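**Q** Chain residues, written in single-letter form:
There are 2 protein chains.
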Amino acid sequence: MQTETNKRGALEDIVVLDLTRVVAGPFCSSILGDMGAKVIKIERPKTGDDSRAYGPYVNGESAYFAMLNRSKYGITLNLQSEEGKKIFLEMVKKADVVLENYRPGVMDKLGLGYDKLKEVNDQIIYAAVSGFGSYGPYAMRPGYDILAQAMGGLMSLTGAKGGDPTRAGNAMGDILGGLNMTIGVLSALHARERLGHGQRIDVALVDSIVVSLENAFTRYWDTHKLYVRNGNAYAALAPYDSFRAKDGLCIIACGNQKLFEIFCNKVAEKPEWIADERFLTNVLRVEHMDELKELIEGWSKNYTVAEITDKALKAGVPSGPVYDLSQIVKDEHIAGAREMFPVVKHPVIGDMPVNGTAIKMMETMPHVTKAAPLLGQDNEKVYSALLGVTKEQLSEMEARGIV
Amino acid sequence: MQTETNKRGALEDIVVLDLTRVVAGPFCSSILGDMGAKVIKIERPKTGDDSRAYGPYVNGESAYFAMLNRSKYGITLNLQSEEGKKIFLEMVKKADVVLENYRPGVMDKLGLGYDKLKEVNDQIIYAAVSGFGSYGPYAMRPGYDILAQAMGGLMSLTGAKGGDPTRAGNAMGDILGGLNMTIGVLSALHARERLGHGQRIDVALVDSIVVSLENAFTRYWDTHKLYVRNGNAYAALAPYDSFRAKDGLCIIACGNQKLFEIFCNKVAEKPEWIADERFLTNVLRVEHMDELKELIEGWSKNYTVAEITDKALKAGVPSGPVYDLSQIVKDEHIAGAREMFPVVKHPVIGDMPVNGTAIKMMETMPHVTKAAPLLGQDNEKVYSALLGVTKEQLSEMEARGIV
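Residue numbers (the numbering used here), protein chains in the order written: chain A, 1 to 403; chain B, 1 to 403.
Note that these hints are calculated values from the structure, not bench results. Any given hint might turn out to be false.
Because identical chains share one entry, a pair is satisfied inside a single copy or across any pair of copies.
Straight-line C-alpha distance at most 25 Å; calculated DSS-like pairs for lysine-lysine [what the hints assert, rightly or not]:
1. 301 to 93
2. 258 to 46
3. 314 to 225
4. 93 to 391
5. 330 to 225
6. 258 to 381
7. 118 to 93
8. 370 to 311
9. 301 to 270
10. 225 to 370
11. 94 to 246
Note that the structure is a prediction, hence the values are computed from the model and not measured.
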């Protein structure tokens, strides 16, 4: 919770120029903004970020855009024009970080690549995120999240037994890419103190997916056998899966022998399973996973998810429901105590809940500092504060299509 | 690539005491270690990190443990003993960061909670990761990755059409939790300069999953309708899905009208689809997604994945294969140019490939600085350097079960 004592932002001395669009980059800059950085989102005049055209719309404004772009200031600038480039370079002199997610090479073609920016400010940290990264044979390929999930291997691990490779139902490549970009920026800020200058950071969605697979590659290197998709079951532990209850699916996760015995004795009340020679050890249970699941479901189908999880948790066995979104947004822990859906007052949309912070910092609690900007909403404020541009000059620049 | 000019570590001035086990915390500290932080992993004497018991084993050592614990020093310490606690507090005086992933309250019960640690070193940054976080009604519940995926909503979005909620096939909750923990630590290091002291950071796997769902909640708030799982299709764009080819699945992702038209004209060579009144706009295509998929698969099933992706990429249409792990580890971009599987020489396992870095920093390239420690491997070096303990004292401490 944000209180009187923790309302300072961890990054309140940092200025970020944010050229990113859609998900990965804007997710990174929303984290930096929630931490108090002054994030200036720079959009194309007239149209802005592509995601301003993505639904859902509320009162004619994109709630999609508004969610991912809270805690940022918004200005417009035409980077195709010579004057626009000059203005951008003037702003770079006053900034700490530049974020972009163009296809590799676009910033260089504009004359605004890292080599140019560091000439005007060698302290600048330049971070780019793209589908395949800025170098390597696929660097110039268009990179969408689904391609990263497909080529990075996440899809090959995900899906029902005997079913097709399945993508995670969110833009997981973009999210992981945005988190890695954030880590790169923060560690470069730290390194700047000792190096004496900034640096360039390059994050690829595909690389981000590959690293997220943790030990899947380790297992592959060991056996050279491919993973066999198996729904919610886990190749290393059993029972550790979803099980069908009277009114939905329920998770039971027995991480060790003791938990399995408690589960049999006190939850399912089937002590005979413990002595069953197919289930004597975790290794045997993994081997006979399907038979064990059938037995457990023969029991679990007679109870509701709530009955099972209550009984399991009281006995100390890890268990929980498979929530849908309607259950999450009213959950007393997630939506309540953890405050994962704070409400922001948007000038057009009105009160809108947004995703909160997953990084609870007790002295500098990240929080939504402002609603997302309308297109060009902060032109006057930002151009005046940063470059001393007057209202009249701004109108004139607007008439010429510069902002 | 690590070169002569970028081999400095972004965090080489930082000392981390790492009490974490298994995945989420160790993933965080491996990133910090790859960035040059001096990470001292502290394990229970005799048994160590639980994941030392997880396969695959190579020459009797856990490759699972070795992958996630590269770039760290390893010492043993009995935190149950009064002497062990004292030694830990002495080390806290010389450290910047303490990481732990015990169940909430365990460190306090040991007398080593944040309030105690900041008494001996107010600069310390204390970061904990757990299933449900350190506060809220579920704080004391056991938290496994599968529970976070189930209760955070990722499973409800993932899966085949008409199929069950499906977990991502990796420990995605742990990975996201580890990344958020890293961001918390790095931003607290930055804030420390201005605050004049450290702080406590609290990360929950469930919160981390919730935030990763990006606009799924935004859509829910708008319509109050639940997401209908639909395999690899995307509710906002079509065609943007996997399609069956002669030898596997192939991704085609048409992000806009122009790409769809190029796809029809130059890739599938079915210009008649453009004029088909069911497919005139993206909105109509999404509405008639299944019919469009049937038509596309009628064409794609006659070609190999390579034939389709080559043709599509030449025409500028985003496309790619659904890789399995065997294809990724030999891919010229991912394994080649992006160096995602560097080989580490482990004293027992021998040469082992590990996951590389997804954060390419051009002046301080993260890289594997050393192989994972054997249990207690660095006792002598670390206790001598940090606390001036002699070899004789160490033997005596070992005999008494302190290290």
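**Q** Indicate, hint by hint, whether the structure satisfies it.
**A** To see whether the hints hold, each was checked on the structure:
no.: 1; hint: 301 to 93; in the structure: neither (65 Å within a copy, 54 Å between copies)
no.: 2; hint: 258 to 46; in the structure: between (63 Å within a copy, 21 Å between copies)
no.: 3; hint: 314 to 225; in the structure: neither (40 Å within a copy, 33 Å between copies)
no.: 4; hint: 93 to 391; in the structure: within (22 Å within a copy, 54 Å between copies)
no.: 5; hint: 330 to 225; in the structure: between (43 Å within a copy, 15 Å between copies)
no.: 6; hint: 258 to 381; in the structure: neither (62 Å within a copy, 37 Å between copies)
no.: 7; hint: 118 to 93; in the structure: within (9 Å within a copy, 38 Å between copies)
no.: 8; hint: 370 to 311; in the structure: neither (43 Å within a copy, 46 Å between copies)
no.: 9; hint: 301 to 270; in the structure: within (15 Å within a copy, 49 Å between copies)
no.: 10; hint: 225 to 370; in the structure: neither (50 Å within a copy, 27 Å between copies)
no.: 11; hint: 94 to 246; in the structure: neither (61 Å within a copy, 55 Å between copies)
Checked against the numbered hints given earlier, the structure breaks hints 1, 3, 6, 8, 10 and 11 and satisfies all the rest.
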